[in-house]
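Novice: If you read the protein sequences in the order shown, they are chains X and G.
FYI, our numbering numbers position 771 of the first sequence as 771, with every residue one higher than the one before it.
FYI, our numbering numbers position 121 of the second sequence as 1676, with every residue one higher than the one before it.
I should point out that these hints are in silico values taken from the structure, not numbers from a laboratory.
Worth double-checking, as some hints may not be accurate.
[Stated by the list, open to error] The list that follows gives simulated cross-link-like pairs (lysine-lysine, DSSO-like), each with its CA atoms no further than 30 Å apart:
#1 X/213 / G/1763
#2 G/1796 / X/185
#3 X/1369 / G/1796
#4 X/171 / G/1604
#5 X/844 / X/937
#6 G/1763 / X/171
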Amino acid sequence: AEVPHVEHPPFDGWYNNWAHPDWGAAETTLYRRLAPAYSDGVYEPAGAHRPNPFEISDAVFSGKTGHASVKNRSALLVFFGQQVVEEVLDAQRPGCPPEYFNIKIPKNHAQYDKDGRGGREMPFLRSRYDQNTGYSPHVPREQLNEISAFLDGGLVYGPNKAWADALRSYKGGRLAAYNDNDASKPNFPAENDIRLPMANPAPPFDHKLKPIKRFFKLGNPRGNENPFLLTFGVLLFRWHNHQAAQLQANHPDWSDERLFLEARKLVIAHHQKIVMYDWIPAWLGTEVSEYKGYNPSVHPGIAHVFQSAAMRFGHTLVPPAVYRRNRNCVFRNTSDISGFSGHSALRTCNTFWNSPVSLHQTDIDELLMGMASQITEREDNIVTPDLRGDVFGPLEFPRRDLMAVNIQRGRDHGLPDYNTARKLYGLKPITDWTDINPDFFTNSPDVCGPGVLEKIRNLYNNSLDDVDIWPAGLLETTANGPGELFRTIIKDQFERIRDGDRFWFENRDNGLYTDEEIDAINKTTLRDIIIAVTDIGENDLQENIFFVGDDVPCKQPDQLGDLMTTGSIGECKRPRDAPEVQDGVVFDYFWGSEVSYALTFIAYHSLLAVTVLVLILLARRRDKEVQKKMAMTREKTRKRTKVPSKQISVITASEWIGKKQGHRNVIIKLESSKKHILVTEASSRKSKVLRTIDLNLLLKNRQTGVELILSADGKMTMMALKVPKEYDLVLVFDDQRDRDQSQVELERFMFKAGLGRTLSTVPEKDLLRDAHSVQDRKSLLTQFFQTVLANAFHEEESENREDLDFVKAKEILETELTRYEFAEALSLKPDSLFVNSMFKLVDKNENGYISFREFLDFFVIFSKGNADDKVKLMFDMYDLDNTGTLTKEEFRTMLTSMVDLANEKVEEKDIETLIGSLFSSAGLEGKPAITFTDFKKILKNYESELNYTSLNLAGISPSEVYLYNNNDCAGTGVPMNAQPRRENASSRARRTVILSYDNLDLSSASTGRTANKENRRLSTIQEVKTIKKTAPKGKFALFCNDILRYFVNYKLHIFWCTLYTLITLGIFIERAYYYSIEREHAGLRRIAGYGVTVTRGAASGMMFTYASLLVTMCRNTVTFLRETFLHKYIPFDGAISFHKYIAYLALFFTLLHIIGHCINFYHISTQTPGDLICLFRNFFHATDDLPKFHRWCWNTLTGVTGVLLTINMFVIYVFAVQYARRHTFKAFWFTHNTYPIFFILMILHGAGRLVQPPFTHLFILGPVVLFTLDRLVSINRKKVEIAVITAELLPSDVTYLQFKRPLNFEYKSGQWCRIACLVQGSNEYHPFTLTSAPHEENLSLHIRAVGPWTMNLRRTYDPDHVGEHSWPKVFLDGPYGEGHQEWYRYEVAVLVGGGIGVTPFASILKDIKYKSRTNAQFVCKKVYFLWVTRTQRQFEWLTDIIREVEDSDLVSVHVFITQFKEKYDIRTTMLYICERYFQKISERSLFTGLRSITHFGRPEFKQFFQMLQVEHPNNSEFGVFSCGPPPMTSSVEKACAHVNKTSTNVLFQHHFENF
Amino acid sequence: RIFSLIRVLVGVFVLGCIFLVNFGQEWEVAEIESVTQYRAGLREEIHAKIGVKIGLRSVNITLKEVTSFNEGRLNETINYNERFSWNNEGFTLGRAGFGPFAGRFNQEYRAGQRKGLPYPILWIAEYFTIDGEGIRWGRFYLQAGYYAHILVWLAFPLWILTMVLFYMVMSYGAYFSLLTGIVLIMANILYATIRNPNQLMIPFEDAKLTFTWGWSFWLCLINGIICVAIGVLVLVIDNWKPD
Ligand SMILES: Cc1cc2nc3c(=O)[nH]c(=O)nc-3n(C[C@H](O)[C@H](O)[C@H](O)COP(=O)(O)OP(=O)(O)OC[C@H]3O[C@@H](n4cnc5c(N)ncnc54)[C@H](O)[C@@H]3O)c2cc1C
Ligand code: HEM
Ligand code: HEM
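Taking the hints into account, I'd like the entire structure generated from these sequences.
Specialist: Given below as structure tokens:
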């Protein structure tokens, strides 16, 4: 007949109950039958005040094994019972995150603290729970049951459908078997080769994690725990296949699916029947109630107390070993893989998690028969040591005490106390301890061990109020079985499971089973099943296999256990000798990681070292290459240089300048006629004289000769020429032959000059060490001048003087200047007349050198002497023949020398005219020579001023210094504070100036001033009030002042850096806080403690900083933004410095991160595999695998990328140091451009999701997009290589570049452009102001070397380096900028340039000159150019431009020198001292050659603007353009604002630019 | 003109494909027709088309009755299309189980159970919730999807850059095209290699759901190959006659 389809029970228990689809379902909470007793009411374990579980365990459950069950219960009953548990309950998995609720091991514990060390703990992990619960008291923590509570065949088919699918063979409805393909194999379930996730702890007897494949594939995930339990797994598996086969025989047309489901249906029913009606009565000693039909309102859920206590009753029945016998009653001795042979039975504790092995030995038959014959342990409180002390555990604690665990589990689950439980189950509370078990305690106290009652009573302080359920409940046990409480609980549980199950086999409403089937099911017993699927015959088993009745075919030889009289059961084995196990208890999880850990870090360090080494090697190699190149150029120069005459011989070599400066190619010319040695630049283009050694001086000073030192080792190519009082000339030749030749040459030259030489040879190293290099000389000279200045100015203020040590002082005193050095100090040409005369004057003893004393004397006169002294000094200077009179010739020389100084070419006849007018004005016409008196006459009107100059020089009241050159201003009513007398003096001086230099160049013919000119002069403001400051006294004050200045200059930088740092710190702290506080109980934080806090905080800090690194490098954006108003608030020019700052901040975080992870990884490597699975959800490792350090570090995405990142970072940073950029820029650029890899790795690093979801991209995305767009702009820019026409190295580190102006490159004066140098990476553009004027054919730049790029540039265009090649090309981008080119829109424009900020004005000034000449319609009437600079030295090139424009009426130039007087270099000092004096004569500055006035101090803009108003009363709009450091522009800004506010109708419009 | 039109068309086409591939649901597909149990409380089985489509972020399960087995008795349209996704923050797996800290997929599965989805859908989805030892299909599809989606997303800006660069510097465009292609092909390679050692197979009464690459997978591969081809082509042309 057609068998109808039925609704088959689900695999996971869902939808069993229509009203509550999840009742009894898998992965739902246990059933809270008793009120929870969590100590905080929510989740903290119960029983905080209950005794230590170990003590309870020892007190209550200890005792000898080997007592037989009073009722002759069989071992089979017990293990069937364990299997029933697995059918309804699985709540063993620890929670995630792991919560350790370890159990303290009492000191001197017999098993766990044998050495009495104390302080040990047994690990205990709290159970997994529903994380919707446990937050507040109404819903306290509820643990989960992973499988369905129903008796629904989960044991056989698994906890869910997918699992069941994995077990099937898909043939005939059968489950896959071990022998499916090989009939000779025993009929076991298939091996777990697809690795179903079954429980797989390490077998404690050998302490090794083993592959999960070794297990049989069962429905029950824990079914392989011990062979006895596994026996039932195999049995039921066979029973299913047996049923399927039968069904198939009866219904050949049924599909595999149908067969499977129908067989399953029957297996479940048989199992239900056996459990409910055969096993429970045997177990409890009472029958269950009669089935009254399905009751949908019954909750089948497993009660906590059932799970944590009652059902564990079975523990007391577990025998320490289990018999195996054959059908002939031969009880098998053990001889299994554990190596324990000869024992009477299988020792329980040695079979844990090795079950299949035992089964393979004997099939299940012998075990079934053995268990059926074996009387199990007695129903009492004593638990076999196999459980109480030797039950399996985690690797770090392989043998645990199950009793302590049971008690702790009860507390973990929040079980109430014993009496409360009783009450809630409707039992009367116990008031007297003996009432727990009157049978035992009063009738046969020895059964439960001596003194148990006493012990437990004492443990609980004699109070029955708070006793754990497990010990007390177990103490109730009687021969009948579990005591009242446990019995009630168990019965209640199973009845609920039965009554609440819609698919229960007796429930006729579910339509699953026909009446016949139910009858048949009701008749089926476990015995029938065994007989059906094994070789065991009817006669081999007793009738009721749950008891060892009298009908048992084979009696057990002995009761197994301690009390055995025959044989033994062996010991519980512990692998004491394994290296990772210590004390047989503690497992070292780090074992196996040490090597990789150490190696990894060694590798790290060596890599770092290697990187540094590579850097140094590269730098060396490049230096060598440079030297080679130099040698080549030298070779070429040598070939090219023709010896001009017999008198001159030439040596080419490379000169060693100093340790840091290295070498330069030079040509040495030996001029025997002049007895000069000239050291000149060896460049193809120019041969500037670098140095002249005048041998005449030696002769004069009766020196016998020079010292020649040759190197005696190395390639023997070095030679040092020591000339007294000068620095040494250290030459390096190409080879020894070359040197020897040169030596001969030199010696011959010396000989000719009448000088000798001493010769010595020393090792190369010593030669260099002892050489007095240019640098040494320079620093000596600096000190020399400083000491002179200090002595001249501050003789009284000794505390201001540098405290020179004696040796140094002596050295300085003995120093003598050559003329060349003297000229250089004044930045004048050594052969200029002025220098010559001055030198002669100062050099009193005429030995050709200026000694310290001489120089000081000269200075003192200048600074202190009266007018006469000074005039005399001057007179003497030009009285070349020392006759006491100046001939006309000499006077002419005097004048030409001054002209000469001013770098002007003057026509001879102009001089004549000038002299004529001078003489005639002093009434000296016709006199052939003038005496000192005459001279004084010429100058007499300057007297007061000369005196006055000395006054000021004493530095008494510098704030009173006002420098006028035109007193007419007094008439304009401008407030002046100057004293009248002085004013008079100067006005007199002005009026009586006879010699006016400007006569010369403005009109060659006129001898006086035209009225016209006078007017111009009158209307021109030439005085500007200055603010002067003296340097604070004392080193500390000076230091403070410097700091203050720094702060003022960089206040924006400092602000942004601080802000940025704070933000970064904030980000660090946010994460750190999150991991310290909010995730205190979760994740990695649990393992690594604050390590995570630090590393995660640092990671976020890194993400932020590394991302911002990109932002700083958005060069186009930065360029664009600096054009906007934002530039006022954000110093965009600092982008690169900021980049570096951020990089170091990032480095800090990175190191924190890396070091943190070194520690974290150590911690991770020491974790239990179980915890790791929970904590690193995205990192999988198999249960038989213990991830070692190398797994984490080298086998996870995060680890590998971390390692790579670190290496990448090392390389980037090492090659980014100044040294690298200087020496091997290419290597820097190459390594630095690995940054895309760096960022990709960084994204991947987080993408590993080891700890948290990645969010690197959140930080990186914005910057990357910006950077990419920015980069696109760069790429899009048409790159044209532009040929450089000339390049010149100007003094003071300024490089002058002139290059072709590209077609259609239109710009206005004052604009800037960006250039990149091909040699230094075509992407790195730097901004420079165009110093050419728009009308010029070529573009030019003046570039000062301040940092790596500009210095490299200077080197690139160093003729030495370029050699014969053409100039390297540049890329040009621009023009940029605006504002300054508007100057011609205003009638009056004020241009203020500060520091390098004058560069734009170079172009503007040229432009002005050009426009004023050519352009008629040109609004601008007057331009004031104020140049504020600390020292003029760096801008000598500008003076040329200024000089060009100065002469036009349009421009009035003022120079302000802001350096403190105390810090003047000698040139500025001379300027300061001499200008007032000499300017009167020449109308031009001696030193700058400018007519403009040099002021000392900062300009007082406010007054200057007010004066302008007066000066140009009809003008209402003034354009003010300033360019320079922020403090200067801001004071201009303030002044403008002030003037605009205080005066009506006048507007000072300020435009500025900072850099 | 035609050349630039082609350029735009190809550009848009590839870009569209990248998007399709990224959000396409059919990286792997399986479809069968089978008799199957349908729901609790029902003895009859239904005859249905069962389909599974795996995308980078989720699994779509469809269940559609083919011939109404139980006409008259069941007045019910059986046509389900359920999606279970795992693209929570960072595609993380979450804690084991189905609780509030579990992965998104598991939570959606649990929601499906509560919603009472038909058995076949739950059974299939259940396969992706198990995570242990050799049974980690959910994890592997999640990982594969995770890495593939990163790469496909990466391809998106790369391709945009490619297009932009083609207007600027041809050879750069070509390199980026190559890169885009490689990234897309990498996505395929990763997707194909990150898989559970045991092939996913879901048995039903008449057939097993076995998975094959779907159009999304192939499109990604073809797209990648096109990009590489474009890159190579342009480079070759650029080298031959650079203009
Ligand atoms: C509009 C403008 C015009 C300039 N005109 C001239 C000029 O005519 N002559 C001249 O000698 N210098 C000029 N500079 C300054 C010049 O750009 C820097 O000195 C040069 O870039 C320094 O580079 P470096 O790597 O050698 O030095 P670094 O040591 O890197 O830097 C030294 C200083 O220069 C700044 N700087 C470095 N690189 C840049 C850059 N790419 N952009 C802006 N600032 C930078 C740094 O912030 C730092 O303060 C100008 C700067 C600007 C903004
Ligand atoms: C790992 C960290 C770093 C990253 C990711 C990084 C990134 C970058 C980037 C993207 C550029 C632009 C490159 C270009 O224009 O092609 C750059 C340039 C530069 N970086 Fe870094 N950088 C890092 C560390 C450093 C460090 C430590 C320094 C030096 C202290 C440094 C100094 C520079 C300089 C000097 C330049 C540009 C050259 C210049 O314009 O002067 N960087 N960096
Ligand atoms: C230069 C070197 C390194 C950098 C730049 C770096 C960067 C980062 C960043 C940004 C994160 C956060 C990722 C995220 O959550 O999105 C992170 C996390 C992490 N890093 Fe590093 N790291 C480096 C080196 C290392 C090293 C050497 C290790 C150890 C081998 C390491 C191990 C880790 C770990 C374990 C995490 C947590 C991963 C997670 O959140 O899933 N890191 N790192």
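Novice: Please verify whether residue 1763 of chain G and residue 171 of chain X have alpha carbons no more than 30 Å apart.
Specialist: 14 Å, holds
Novice: Assess, step by step, whether the Cα of residue 1796 of chain G is no farther than 30 Å from the Cα of residue 185 of chain X, and give holds or violated.
Specialist: Given pair residue 1796 of chain G, residue 185 of chain X is violated - Cα atoms ~73 Å apart, limit 30 Å.
Novice: Run the distance test for residue 213 of chain X versus residue 1763 of chain G: straight-line Cα separation, threshold 30 Å.
Specialist: 25 Å, holds
Novice: For the pair supplied as a hint, residue 171 of chain X and residue 1604 of chain G, confirm whether the alpha-carbon distance does not exceed 30 Å.
Specialist: 23 Å, holds
Novice: Starting from residue 844 of chain X, check that the Cα of residue 937 of chain X is at most 30 Å away, please.
Specialist: 26 Å, holds
Novice: When you check the alpha-carbon spacing of residue 1369 of chain X and residue 1796 of chain G, does it fall within 30 Å?
Specialist: Holds, at roughly 26 Å.
Checked against the numbered hints given earlier, the structure breaks only hint 2 and satisfies all the rest.
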